[in-house]
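Participant: The chain contents come next:
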Amino acid sequence: MKLPSPRHLLLLPLSLVMLTPLLWMVMTSIQTPNESQQFPPVLPSGIHWQNYTNALHAVPFGRFFLNSVIVTAACVLGNLVLCSLAGYAFARFRFFGRDLTFVVILATLMVPFQVVMIPTFLIMKDLGLIDSLGALILPNLVTPFGIFLMRQFFRTLPAELEEAARIDGCSRLGTLVQIVLPLSGPALATLAVITFLYSWNDFLWPLVAIQSEHHMTLQLGLSTFQGAHATDWTLLMAGNVMAVMPMLLLFLLAQRQFVRSIAAAGVKG
Amino acid sequence: MRILRSEHTAGWLFVIPAVVLIVVFALLPIVWALLLSFQSSDFVTPAKWVGLANYQALRHDPDFRAAVVRTVEYTAIFVPLVVFGGLGVAVLLNAKVRFMGFYRTAFFVPVACSTVATAIIFNWLLDPTFGLVNWVLGWFSLGPYGFFQDPNQALYSVIAMTAWGWIGFNAIVYLAALQSIPQELLEAAEIDGAGRFLTFWRIVWPLLGPATLLVVVWSSINALQVFDEIYVSTRGGPLQATTVVVYYLYEQAFRFFAAGYGAAIAYVLFAAILTLTLLQMWIGRRRVHYTS
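If you read the sequences in order, they're chains A and B. Counting from 1, one number per residue, gives the positions in the first sequence under the working numbering. Counting from 1, one number per residue, gives the positions in the second sequence under the working numbering.
None of these hints come from the bench; they were simulated from the model. Careful, some of the hints might be misleading.
Residues from chain A shown here face chain B by an in silico Cβ test under 8 Å; the list is partial [stated by the list, open to error]:
| hint | residue |
| --- | --- |
| 1 | M18 |
| 2 | W24 |
| 3 | R63 |
| 4 | L122 |
| 5 | R166 |
| 6 | C170 |
| 7 | T175 |
| 8 | I179 |
Ideal Cβ placement from N, Cα and C applies to all residues, glycine included.
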């Protein structure tokens, strides 16, 4: 008879502590307002769905969600396409000014967002894009990190396949799309996951760039919702559950991919 | 046709969309922000050149100085906490025991929780009157505490909240590094009679060097830029107890419309981040040994 590992003595209580905030959020979201205002806390007497409908009536969560989906999808797609193109050229072609351009792009990676935030606001104002989803999409369509990631990956692939395709008359773009990208699944997945996490959770830039409720992303909408209903905890938690759930479900379904991407981006970045 | 086929043209055609976007939304703003930091601007009327006045004002601004001290304190506590916390969790998770899938999910799931959602949850958990944490502390005859509402506790409460979201992230990086350590090395150490502690200290920890450097640099950069959770939970209060540098920058630029002053704060932050990162890399380069 094998004894259970002593690790459980640490792992079990610690993992419960890590899960408690999320469980507590769900529990409060189904309590009646009266139950949540008890000390010591009490368990919910039943499932009080009313909080969810109230939260949906208080602010347009559907709209926030849709805006977040639009912005995130555009940014992920933009990064996949543009970083692949640029990363491939930097990895394989010899062209005038290549190394200097690449170094300059890498250098911008060092600059914190707060530095570019104020001028980007002014640029967006000049373009007439302040308070529109365009302001959230345009600056994030391509990232220096993504270009770097794709370039490093392409350089690990053997060049012979591409040379053979070129000799057979395949164009450069055709070679990238038909030969290289099908072999680049892991790198593309990493880029997609990192971009997805970043744009879905971005807060400071939407806070600065968006004013009207109609154009708010989920994170910004959630924060204004909290500002307007400061201590209405059952309502807030119901809204929070709705805002967090899609991401949590996605994470649970694709945990391996998420973990691998974060580790890969971390190790390579 | 000839010119279209040349590698120079092809190269530029491939990179041009990315380069244009990076020039417009990174390079141009970087230069513009530097110029702006030498100007007095309110976003609307034309900016006026003021030389170093913004930077001089910063040097004598007691609120800015307080924000810097707070950010340093936040970083000095947060970074060791999430680095060693992440390492500890990764070591615990690096084993083949039952329920490991559940444990990993429990530690990693906060990574998927947005900063805003995290802050709203902790606002509730740390509520002075009805919060769960005060109830639990009450079992040990501790509290009740004010947490976010107590100027002496607000910053530490913010650290506890942000650490919850970050430990899992660092654990992911450390776990990947732990799993890439060749098993033979550990077996060899065991055969040579090295105990667990000695094996960890002499073999595992040095091999984790690159991961440690990465996690330290990345956690520090993010600590110096902390904003989201503070905006949602305390709005820099109470009594400015959680007004860190980026929060101060946000207030100056987008509440008081001092764009030039804000840009100067941003450049000071940039210099601080760059200095700290280069210092950490320099120390790392001398200590960390990269294999392969």
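Participant: Run the structure past the numbered hints and jot down the numbers of the failing ones, going up.
Facilitator: 3, 5, 6, 7 and 8
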